[in-house]
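Could you put together the complete structure from these sequences and hints?
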Amino acid sequence: MAPKVLVSDKLSETAVQIFRDRGIEVDFEPALGKDKDKLAEMIGQYDGLAIRSATKVTEKLLENADNLKVVGRAGIGTDNVDKVAASKKGVIVMNTPFGNMITTAEHAIAMMFAVARQIPEASASTHAGKWEKSKFMGVELTAKTLGVIGAGNIGGIVCERAVGLKMKVVAYDPFLSEERAAKLGVEKVELDELLTRADFITLHVPFTEQTKSILSREALEKTKKGVRIINCARGGLVDEAALAELLTSGHVAGAAFDVFAEEPATENPLFNLPNVVCTPHLGASTTEAQENVALQVAEQMSNYLLTGAVENALNMPSVTAEEAKVMGPWVKLAGHLGTFVGQLTEEAIDSIEITYNGTVSKMNLEALNCGAVAGIMQATNPDVNMVSAPVIAKERGIGISTTTQDKSGVFDGYIKLTVKTDQRERSIAGTVFSDGKPRFIQIKGINIDAEIGEHMLYTTNKDVPGIIGTLGMTMGQNDVNIANFTLGRDETNGDAIALLYLDAPCPATVLGKLKDTGLFQQVRPLQFNVA
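The C-terminal residue of the sequence shown carries number 530 in numbering that gives the first Met the number 0, and the numbering is unbroken.
Simulated from the structure, these hints should not be mistaken for laboratory data. Keep in mind it's a predicted model, so treat the numbers as computed, not measured. Ideal Cβ positions, reconstructed from N, Cα and C, are used throughout, including at glycine. Each hint should be verified, as a subset may be incorrect.
Cross-link-like lysine to aspartate or glutamate pairs, in silico, EDC-like; alpha carbons within 20 Å at most [said to hold, decoys possible]:
| id | residue 1 | residue 2 |
| --- | --- | --- |
| 1 | LYS87 | ASP382 |
| 2 | LYS55 | ASP78 |
| 3 | LYS37 | ASP65 |
| 4 | LYS461 | ASP421 |
| 5 | LYS33 | GLU262 |
| 6 | LYS415 | ASP502 |
| 7 | LYS68 | GLU58 |
| 8 | LYS3 | ASP65 |
| 9 | LYS221 | GLU192 |
| 10 | LYS35 | GLU62 |
| 11 | LYS419 | ASP382 |
| 12 | LYS59 | ASP382 |
| 13 | LYS393 | GLU352 |
Label-pair ranges, simulated between beta-carbon atoms [said to hold, decoys possible]:
| id | residue 1 | residue 2 | range |
| --- | --- | --- | --- |
| 14 | GLU178 | ALA127 | 22 to 30 Å |
| 15 | LYS9 | GLU192 | 39 to 47 Å |
| 16 | PRO316 | ARG19 | 24 to 32 Å |
| 17 | ALA1 | GLY408 | 25 to 33 Å |
| 18 | GLU159 | ASN63 | 19 to 27 Å |
| 19 | GLU424 | ASN63 | 35 to 43 Å |
| 20 | PRO205 | ASN63 | 27 to 35 Å |
| 21 | ASP448 | GLN526 | 14 to 22 Å |
| 22 | GLN16 | LYS211 | 34 to 42 Å |
| 23 | GLU365 | PHE432 | 18 to 26 Å |
Have a look at this one:
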């Protein structure tokens, strides 16, 4: 059955056609995003939801989204998506951070020119029939110092453009390396130094708890007199009331804002102040950018729904289409290892340790971690998936650690999963053979070679005669067919294990009879999704 996608905002027809061309059923309802009740009524039908800014993906909406797997935002900002609720629901949230980078960067540069030369005021005055040439005295950008707060994708482009304008550029970004700064031709500085040196300051960071009011009243008062502030990033990064006061006092010479703390902005402390340029969130508003982000989100969502590739996700490690092909069997193995341990663990889990050995240690470990943790969590909550599992583990205070090792032993690569509780420690290891099938290769430190079946029975016992006979006789007397079995033992301490492959789940009565023999330390039925 083909995946089904709802487009609830205005996306280009070309983007909608991408879904159709990829074999995905799509409903194009560009006005639906504004009707939250109707959207909530319909959302349960869909595997994917493609949006812009009008659709609000709230916790309440997600409660009805039982089939939803991915939300794709055509654009960068995802303030209209409850990402925590989406993660708990197991829904991937994607954006398109690259489709409008140039457009937004160019808008910031344009706003800087506009406020430097008072272009909007001069234009309005001239349109009014005035000729106030002496009133609009501007400043040059050449040789001025531009302070860039956030030198990521968009901020980096602004840096390059500003260097081309012969400006001196200083950048504050905790994640900016010295090598990257040198390549951009900028000087990396701390925020306080940027504030005291910059003639112009432009912001290019997301809105988070860390960046909220990054230009607070205190920060703004540290700036040099005559500074000009440009914000084409997100509302709430600047204390707008404080900035208005500093503009009025003359400490700040001008400001250019495309984004505001409250949008749509019909009232704002910055409105109607001299030498303040305001635009209605136009950073991404070019025909090229709108087309680019729409096409990009359609391709990303299609790739995920059809191949499992995860691109530009905000709540899930990215996995390219090429990685998905290679990693698919390993992700499945990680899930099976987690499922095995999860079904055996009844007490609260304190920590999960995952060791990657050999070839698998060079793969996308974040995604593999998600697969293993999801397998563990699904034992108690079948609705958990790779998106929601890490969130649930964190909420439960479960520590997750990862170790990588060079190749050791006979296998080119393997994964070992260890789960610790306050009572015991359980471990299991597995690998993927050349046929692409995952195998268990070690349980409780005992080496085995076991394929993974849908219905299995796991037993542990002391290595004594009669165990195989007891298993076979008990199953036969109760009409339970054994399709295959795998045995293993630890000759140093006399422990042994058995894995039986059954045609159907083992009845509880049979499990009881095996336990009543007194020969087995553990008798556990196991189920795996081998589809």
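We went through each hint and held it up to the structure:
Pair hint LYS87 plus ASP382 holds up; C-alpha atoms about 10 Å apart against a cutoff of 20 Å. This hinted pair checks out: LYS55 and ASP78 have alpha carbons roughly 9 Å apart, not beyond 20 Å. Taking the CA atoms of LYS37 and ASP65, the gap is near 16 Å; set against the 20 Å cutoff, the hint holds. For a cut-off of 20 Å, the pair hint linking LYS461 to ASP421 is broken: about 24 Å separates their Cα positions.
Only pairs whose Cα atoms come within 20 Å are accepted, and LYS33 paired with GLU262 is accepted, the gap being roughly 15 Å. At roughly 28 Å between alpha-carbon atoms, LYS415 and ASP502 are farther apart than 20 Å, so this suggested pair is violated. Annotation: proposed proximity of LYS68 to GLU58 holds, straight-line Cα distance about 15 Å (limit 20 Å). This hinted pair checks out: LYS3 and ASP65 have alpha carbons roughly 13 Å apart, not beyond 20 Å.
Distance hint between LYS221 and GLU192 is fulfilled; the C-alpha atoms sit about 9 Å from each other, no more than 20 Å. Note on LYS35 and GLU62: the hinted pairing holds, with a Cα-Cα distance of about 13 Å set against a maximum of 20 Å. Our distance criterion of 20 Å between C-alpha atoms is broken by LYS419 and ASP382, whose separation comes to about 23 Å. As the CA atoms of LYS59 and ASP382 are separated by approximately 18 Å, the hinted pair is consistent with the 20 Å bound.
Simply put, LYS393 and GLU352 have alpha-carbon atoms about 14 Å apart, close enough for the 20 Å limit, and the pair holds. At about 52 Å, the beta-carbon gap between GLU178 and ALA127 misses the expected band of 22 to 30 Å. Remark: the range hint 39 to 47 Å for LYS9 to GLU192 is upheld by a beta-carbon distance near 43 Å. Against the hinted window of 24 to 32 Å, the Cβ-Cβ separation of PRO316 and ARG19 comes to about 29 Å, which satisfies the hint.
Taken as a hint, the range 25 to 33 Å is violated for the pair ALA1 and GLY408, whose Cβ atoms sit roughly 43 Å apart. For the hinted restraint 19 to 27 Å between GLU159 and ASN63, the CB-CB distance of approximately 45 Å leaves it violated. Between GLU424 and ASN63, the C-beta spacing of about 41 Å keeps the proposed range 35 to 43 Å intact. Checked against the hint of 27 to 35 Å, the pair PRO205 and ASN63 passes, with Cβ atoms roughly 28 Å apart.
Hint check: ASP448 to GLN526, Cβ distance near 21 Å, so the stated range 14 to 22 Å holds. Checked against the given bound of 34 to 42 Å, the beta carbons of GLN16 and LYS211, roughly 40 Å apart, stay inside it. The supplied range of 18 to 26 Å is met by GLU365 and PHE432, whose beta-carbon atoms lie about 24 Å from each other.
In the structure shown, a violation is registered for the earlier hints numbered 4, 6, 11, 14, 17, 18, in ascending order.
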